[in-house]
Amino acid sequence: MPNATPKPQPVPQPESDRYWEGLKNEEIWLQRSKATGKFQFYPRNFSISDPETGEEGIEWVQASGKAELFTFAIVHAAPHMGFVGDVPYITALVQLEEDVIVPTNIVGITPEPESLQIGMALKPVFKHDPDGQTLLKFTPT
Amino acid sequence: MPNIQRLQNLSGQAHIVGVGESNKLGKVPEKSPLAHHSEAAINALDDAGFELSDVDALFTAGWSTLDVAEYLGIQPRYTDSTSVGGSSFVIHVAHALAAIAAGYCEVALITHGQSGRSDRAPIPRNPGTPMAQYEAPYGIIGPPVSYAMAARRYMHQYGEDRTRQAMAEIAVSTRKWANLNPMAYFYDKPTTFDDYHNSKWVAWPFHLLDCCLVTDAGAAIVITTPERARNAKNGSVKILGAGEGHDHSGISQMPDLTSAFGRHTGPQALEMAGVTHSDIDLAMIYDSFTYTALVSLENLGFCAPGEGPDFVASQRTAPGGDFPMNTNGGGLSYTHPGMYGIFTVVEAARQLRGQAGDRQLEDCNLAVAHGTGGLLSSTGTVVLGAD
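First to last, the sequence lines map onto chains A and B.
When you line the first sequence up against the numbering used here, it's residues 1 to 141, in that order.
When you line the second sequence up against the numbering used here, it's residues 1 to 387, in that order.
If you're looking for bench data, these hints aren't it; they were derived computationally from the structure.
Glycine is no exception: its CB is placed at the ideal position from the N, C-alpha and C atoms.
Pair by pair, the computed Cβ-Cβ distance ranges are:
hint: 1; chain 1: B; residue 1: N3; chain 2: A; residue 2: K127; range: 48 to 54 Å
hint: 2; chain 1: B; residue 1: N126; chain 2: A; residue 2: V84; range: 20 to 26 Å
hint: 3; chain 1: A; residue 1: S64; chain 2: B; residue 2: N126; range: 31 to 37 Å
hint: 4; chain 1: A; residue 1: K34; chain 2: B; residue 2: G159; range: 38 to 44 Å
Take these sequences, add in the hints, and give me the full structure.
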C-alpha cells in the first residue's frame, strides 16, 4: 500500500548541489581541504579544518565508496507518517574510507540486530527518485 | 574559556524562590501550550509569594518571549529566548543568575509550556537545516532513532549485555520513584524488570520502557536576588554553579556518540560551586531515554567512561539506594512534554526545600540538575544548594 504522506525530501543548498548531482550519476563527491587534506561531510562553503582560507581552500574529490558500519538502529515505530509503510527499517551511521561519517540506511538484509556487525564492510546503493534526489544507501559487500 | 574565578564570585548571587507545574499533566487536550505556560507561571509565583506584576525578566524556549509575555500581559525589561531543546530551561537558570547579578533585573520568570501529546498547531521543522537535508530523508527523524544509534555505539564500545542491564536498572529504578509522586504518569503503574524486557521495540536497542513519555505539561521557576529571597513564602534555593554548551546539532555530526557536552558543563558547574561529586545528595539527570541518563552520569564525571553500568547496578539510583536520581520519576515516568529540562530544576528545588512529599530525601543539601537538548547536542548543568 503506498504511503499517504510523502517522505521528507532533501532540499539541496548552493554548497551541496554538487554532492546531490553526483549521487544522480552514482558518484559520491566529497569536499577536501587543500591545506590539511581532511575530508568533510556535509558540504560547506569553507573547510572546518582550515577556516581562514574560505571557499578557495576546498576541492571536490570523488570518494571510493568503501565504507564500514559505525552504528545503527532498527526503527519499529515510524517517526514520520512517510515511513509508516517501511518499518522495520535500518538507520545507520557509516564511516567512509575518507574518514567521514554519513547518515544512511542499510538495505538488502533482514532488519534484525543479528544481521549487522559494527565494522562490517559496506558498499553504496544509489536509490534514484525520478522526481527528486538520489539517496545514498549501503548494503553489506 | 569560562573564567572560573569570576564565576565563583557569581555563585549564590541569585536564588530560586518559586517553582510550579501547570495544573494538570499528561493528556490535556483542553489546554493550549500557552495556557500551560501561564498556569505554571501563576503557580510558581504563588509558591514564591510573588505577583505577576513583580516580574521584570522573562526566559522561555520553544516560544519567543514576545508571545509568552504578551499572553501573560507583562512587559519584561530583560528577556532570553535561548532555545536549545530540553536543556534550555536549565541554561535559563544560569542566565537569570548572571542577569540578576549584573543588575538587569530582580525577579526572573522562566516558563515552559508544551502540548507534546495534544498540540493542535505543532511547530513545523525548518527544511533548510543540514539535519533536514542529510538525515530526515533516511528516516533519521526525532529523538528515539538518533539516541538509539548512540546507544548502540556505546554497547559496541563497552559491552552489549552490561549496557542492556544498566538501561533496565534505570528503567525500573526511575519508575519506582514515580510510584511515590502523585503528579507522575506512572504513579499507579508498578514496573518490573520483566515489564522492561517484554516491552515492544521502538527503535532497537530501545524498548518502549527505555523511552520518555510524550505528554502535555508546563512548568515555571521564579528567581530573584538573595535580599528579596528572604521574603519568599516557602524558602529559597541558592544557584551555586552552572555550565552550558553544545557540540553538534544532528546525530551524524556528534563528535563522540558516547560523550555529550556534560563532560564540560558538569565539571564547570561543580567547580564554580566549589563542591565535588561526592558532596552531591541528589542527581536530577534529564532522561529522555535510559541511555541519556546512563551516559550523562559518565559525562558529568560521577563515574568514568564505560563505568556507568557498574555505577547504576543493583537499583542504586532507586528509592533507598545510595545515589538517588530523578526522584520525581523523570521524563521516563513523571512527565515529558518534549523539552523536559525545566522539571529537573523544579524537583531539585522541592527536594532542597524539603517539600517533596513521600519521596523526600532525608538529607538533601546539594543537587545537580542536568538538561540535555536536541540529539544529545546541548547540555546545561546547574548546582543548587539548600539555603
